[in-house]
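Residue numbers (the working numbering), protein chains in the order written: chain V, 586 to 991; chain E, 118 to 233.
Derived from the structure by calculation, the hints contain no laboratory data.
Treat the hints loosely; a few may be bogus.
Result set (DSS-like, lysine-lysine): computed pairs, CA atoms no more than 25 Å apart in a straight line [what the hints assert, rightly or not]:
hint	chain 1	residue 1	chain 2	residue 2
1	E	Lys176	E	Lys142
2	E	Lys120	V	Lys742
3	E	Lys214	E	Lys191
4	E	Lys214	E	Lys120
5	E	Lys214	E	Lys142
6	E	Lys214	V	Lys742
Each pair of labels, with its calculated beta carbon distance range [stated by the list, open to error]:
hint	chain 1	residue 1	chain 2	residue 2	range
7	E	Pro186	V	Ala792	48 to 58 Å
8	V	Ala792	E	Trp132	32 to 42 Å
9	V	Arg863	E	Trp132	32 to 42 Å
Since this is a predicted model, take the numbers as computed values, not measurements.
Heads up, the beta-carbon is just placed ideally off N, CA and C, and yes, glycines get one too.
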Amino acid sequence: MLTGDAVARLIREEGTRVLATLARVTGSIDLAEDAAQDAVVRALETWPRDGVPENPRAWLLVTARRRAVDIIRREARRAGKEAEATMFAGPVPEPPETVRDDLLRLVFTCCHPALSMEAQVALALRTLGGLSTAEVARGLLVPEATMAKRLTRAKQKITQAGIPYRVPPAEQLPARLTGVAATIYLIFNEGYAAGAGADLVRVALTAEAVRLGRLLAELMPDEPTALGLLALLLLHDARRGARLDGAGGQVLLADQDRARWDQAAIKEGVELVGRALRRTPDRPDGYAVQAAIAACHALAPSYTETNWDAVISWYDVLLAVRDSPVVRLNRAVAVAERDGAAAGLALVDGIDGLGGYPWWHATRAELLRRDGRAGEAKGAYERAIALGLSAPQMEHLRRRLAELPG
Amino acid sequence: MPKYAALIYTADVDWSRPEFAETSKEYNEFGEAAAAVLRGGSALYPTSSATTVRVTGGKGGDVVTTDGPYAETKEALTGFYLLECADLDEAVSVAAKIPAAWDGAVEVRPVLEFDE
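With the rest of the complex left out, here is chain V (with noise of 0.2 Å):
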């Protein structure tokens, strides 16, 4: 017998699969989403109370696809058009390949370049996350009349410009991948660089995208881009727990409880790492070098026994992928752990095109002040708080201030 939760998460999971194979019957996402979230919301009143199905994907798609057809029986007398309703009246079983093929056509329809960035997150979340909209406004912080209007805008323009459903070629799919692993990950960001714990939309948001990447990664089990994505939001996911103290303080790397860290994540992320890299072994993809260095922060028993060869020597490969300042700055500090302050600050110093960034500031602060340089420390901590950085970051950055002598 499952449990109410994991009914709602069968439900959950089995209407994004049903919305996906009727978006391919009926055509559209607009109409398919109506009649899957229709369908959705009767299993939630009823299987709880009746036990679920014994085929629970055949029920839902029976009554998403019922639904469906009223929706079109509808908007025909309305157009004074009579029945074209009938095509997909009958419970044709699908088998699981179609299923599979359904979901990453509506994958790369929801995460189409032809679509805005905005778009492509907010759309990915209504239809593979299963949000109402209301979740979705209440996540990314829009109001949510914005948020339904630019819903509308996107399935609008899937419909008129003509967006196919469909999955790239396979000589465009790198490419195309490349924009459904940045929406994914958008979604993490958007739920954890807030500092989760606040707000319970936002935790929301980082197992939404966790499991749109497990849904990707289990849809292209052989694109590295997929596993080394799924291995980064795993290994950062891992550390949720022990991210935020008792009063909702942010807690540092090297603070933190290692022994809140989810275990299960961390193996599997680490396990995913090991296939995303041996999948490239000549250009390792950017996720995966980024989950590697995750992993060997995760894999360390303390913080002074992290393994900092390691860790540079991974981003020194992710310098070769894609080559960022702000990759240096994270190098740098790497540096500073193993080498001193000194030549991590060397490194800092010495990148470009951050002046306006707050972290270079943040982290010159801190290898001033750890080199002894306490004057020169403060000017860097004010102008880093200066240029704002969330509420519990700047509570560390201005405790950090008030510790320095003089």
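Place chain E on chain V using the hints.
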């Protein structure tokens, strides 16, 4: 099949000048390669040749004719094609072969067709 307008935005081009002969050849090649989906299209004279018409005060009002618009941005509408494609992906792949796409931009817009 849906139709798409591929609107070409580039720096103004004066096709009568000899240095555009090579570009002109590239357009001809594109026209041949994309013949299956091309339903029409033309290059336009530079924006200096344009005349803008407005009727002030709505229908039946005074006709005001002005010179221009001159391109205030570097890129202006300098041509268009009408394509008939299966979907946006096909239209985009055709648009990417229009020579303007590699030194200007091509805007792909679905054509709204009214029911007869």
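Violations among the numbered hints: 1, 8 and 9
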